[in-house]
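Undergrad: Numbering (our numbering), first residue to last: 24 to 762.
No lab work stands behind these hints: they were computed from the structure. Even glycine gets a Cβ: it sits at the ideal position worked out from N, Cα and C. It is possible that some hints are incorrect.
Label pairs and their in silico Cβ distance ranges [stated by the list, open to error]:
| # | residue 1 | residue 2 | range |
| --- | --- | --- | --- |
| 1 | Q534 | N678 | 42 to 48 Å |
| 2 | D617 | P380 | 46 to 52 Å |
| 3 | A451 | E564 | 27 to 33 Å |
| 4 | A261 | R669 | 19 to 25 Å |
| 5 | Q534 | E339 | 37 to 43 Å |
| 6 | P304 | L569 | 32 to 38 Å |
| 7 | A451 | E415 | 21 to 27 Å |
| 8 | N678 | S442 | 43 to 49 Å |
| 9 | L97 | P587 | 56 to 62 Å |
| 10 | L29 | R669 | 18 to 24 Å |
| 11 | G410 | E514 | 36 to 42 Å |
| 12 | K68 | L411 | 20 to 26 Å |
| 13 | R669 | P703 | 53 to 59 Å |
| 14 | D500 | P455 | 30 to 36 Å |
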Amino acid sequence: AGTKSLCISSPGYAVGSWTNKVNLLPWSKYRFSGWIKTDGIRSGKSESGAYFEFTDLAEYGQVPVVCGTQDWTLVQFEFETGENDGALLTCGYGSNDDPVQGKAWFDDMSLELLSSEKYTTSLEVRPSATAGEPMSEYIYGQFIEHLGHCIYGGIWAEMVTDRKFWYSPEDRESAWKVLPAGMDGMPRGMQAFMALRNFKGHLRMDTSSPFTGAHTPVLVSDEASQVALVQNGMGLNAGVGAVGHIVLKSDCGMPVTVELSASGQTRKVELKTSGTYTEYPLSFSGFESKEQDVTIRIIPGAAGRLWVGTVSLMPEDNVDGFRPDVLELLRGLNSPVYRWPGGNFVSGYDWKDGIGPRDSRPPRKNPAWTGVESNDVGLHEFIHLCGLIGTEPYVAVNAGLGGVVAAAEEVQYCNGDASTPMGRLRAANGSPDAWGVKWWSVGNEMYGDWQLGHMSTEAFVEKHNSFARAMKAESADIHLIAVGSVGPWDEMIMSQCNDNMELVSEHLYCQDYKGTGLMTHALQIPRAIRHIADAHRKYRETIPSLEGKDIRICLDEWNFWYGPHIYGELGTRYYLRDALGIAAGINEYMRNSDMIFMANYAQTVNVIGAIKATSTDACYAATGEALRCYREHLGTVPVEVTGELRPFDVVAALNPEAGEVTVSVVNLTYEERALALSFPDGDVCTDGARVFTITGADDMAYNTPGQEPAVKTVEREVKSLKSEKVAPYSANIYVFKLK
């Protein structure tokens, strides 16, 4: 019918599909109809062909398959949606384990609503009936990795990109340019042209005696042409000055001018250099307005050669190198533990690169991601960050390309006293007292072929056990976390490493491909958490060596992960619908408090992060607002909730210290809903109850640094439970005093 059909064809065996997102009503029954025509469809196993399918819905029996050569054939089937308001309709061609060849056409698809369940929401909460173990505060952990703008361009205050010159200024990837002095005010495209045209003869890279790293840029000036080393695009807030230093030497004691400019204003520092590398302080007063395109220029003042060893510049309000606005937001999250330094990054990271004088630490290419690792933030800086925000450190060791000796030395460096070799080195680097780092993981995602040093499960079992023994020998009271992944990997790790681990790591990331519906999108997170917890319950039943052991789950990476990437590499923008998924995830952690001890939201700043930051501003992403609100207001001891909960996702929990019972109600519908909530035992005072509501204009609302938040928490008093309404697309924490 009509003028066109979908078509998939292949002369050889292949798998393919057309897909479309479809909105549905939850707890409903539908009949699907569609037409398929085939020409020579053949599979290797004679089981696959052309078909229609709705993914991730309740079971609806065998999917009708059309094979061989068939004229237009009507395909019909019925299905129930359960707690889904969207699904992915697939016009399928073969399957991953049974590809096909031939040609298939798809056309004239329709859905008929057969029925929808009727229900009346009615919740009963009994604070005296405990429903599980207290939920660990470690559920609210965070994770920061050396990736994108999480640390550099996020938490760390350094304004200068590639300050140790991993790239030569002549390289396309470099943030630096060598330009004729005075020409950097021209348009950027012309700057690039002039840089390519003019750097030859005016730039050398010294590889024989570089200040740090593999090479140091040398500016060559003569009487006829003066050059400048230039970097644009830095940010400063209004009235905030910049401070730092520069390391220079010259062959003629030449004068040097360092300029900072923006919006026609220029600040200058005049220096007199010598024939040896010398560090010179830099200090510039602030600009009248917020500036996001500040330029630094390093200008030789005479003919001769000028070596630029390194440059550092930070806003003057930095706190020991960290951004004060980001620190304030981190403190607001109140996360009890931070995992560091990765992630995929750790499998190629040498922790010794990140200790010692900061300027002397070598720059490296990020081993797992794009960009350059300056090594400005290493163990000392991470431990100091934990102190600044009042959290515990959780360190991952390199079990990818790294060896057992380096891992044991890292433990000794952190926890050994000053009489040990590594403790003595730590003291020499400014920290005489041991840090007492308690949480350690042996590697990251070693089951994945994307991981540096990836190996078989059998090989990694031996590696984990050898690492664990060596690390425990250095600090017997540390808690070790093993790399886990549900399935055969877990089964072997759990059976053969359980004497050398306290927790097992699991990771989950959810995307936005399973339907347009809010409920389906948000519930991906709690479903994935439940799947992992249930798998580990099964391990306890089926793995004999786990008897008597209580090895719980550390979900040390969990989040949504999909585009767009607004804030640099993997800098995902998060929407209210994602925040509701995080809130429902915390509810699921409450329901699985017997199995999951720690969870680390991945990651904290910019990179799939709870906080978004530009060069001048920072704010909670929608997901960060959910984490902050739930950490502050939700209780920890789960109590019984019964009745008809639909369409809400609900848990209730005591806050024993405050003498309160809290009820989390997540509304994953697009309608305002009545809340019928009662306390049949009469042990709760409903007068003066409060509710904290996370919501926005719609489920696609998001927050932007420097702007009024569109997703925020609003507190109000609950006047009467008889007339209480729950806002659409909202997460709500009700707080009642116990009698």
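Undergrad: State for each hint whether it applies.
TA: Verification of the hints:
Take Q534 and N678: their Cβ atoms lie about 34 Å apart, and the range 42 to 48 Å is violated. Between D617 and P380 the C-beta distance comes to about 48 Å, which sits within the given range of 46 to 52 Å. Against the hinted window of 27 to 33 Å, the Cβ-Cβ separation of A451 and E564 comes to about 52 Å, which falls outside the hint. Taking the beta carbon of each, A261 and R669 are about 51 Å apart, not inside 19 to 25 Å as hinted.
Separation of Q534 from E339 is about 42 Å and conforms to the stated range, judged on CB atoms against 37 to 43 Å. Checked against the hint of 32 to 38 Å, the pair P304 and L569 fails, with Cβ atoms roughly 59 Å apart. The given range of 21 to 27 Å is respected by A451 and E415, whose C-beta atoms sit roughly 25 Å from each other. At about 45 Å, the beta-carbon gap between N678 and S442 stays in the expected band of 43 to 49 Å.
The given range of 56 to 62 Å is broken by L97 and P587, whose C-beta atoms sit roughly 40 Å from each other. Distance hint check for L29 and R669: the Cβ-Cβ separation is about 36 Å, which falls outside the suggested range of 18 to 24 Å. For the hinted restraint 36 to 42 Å between G410 and E514, the CB-CB distance of approximately 40 Å keeps it satisfied. Against the hinted window of 20 to 26 Å, the Cβ-Cβ separation of K68 and L411 comes to about 60 Å, which falls outside the hint.
A hinted range of 53 to 59 Å is violated for the C-beta pair R669 and P703, which are about 20 Å apart. Range check, D500 to P455: Cβ separation about 21 Å, and the 30 to 36 Å hint is violated.
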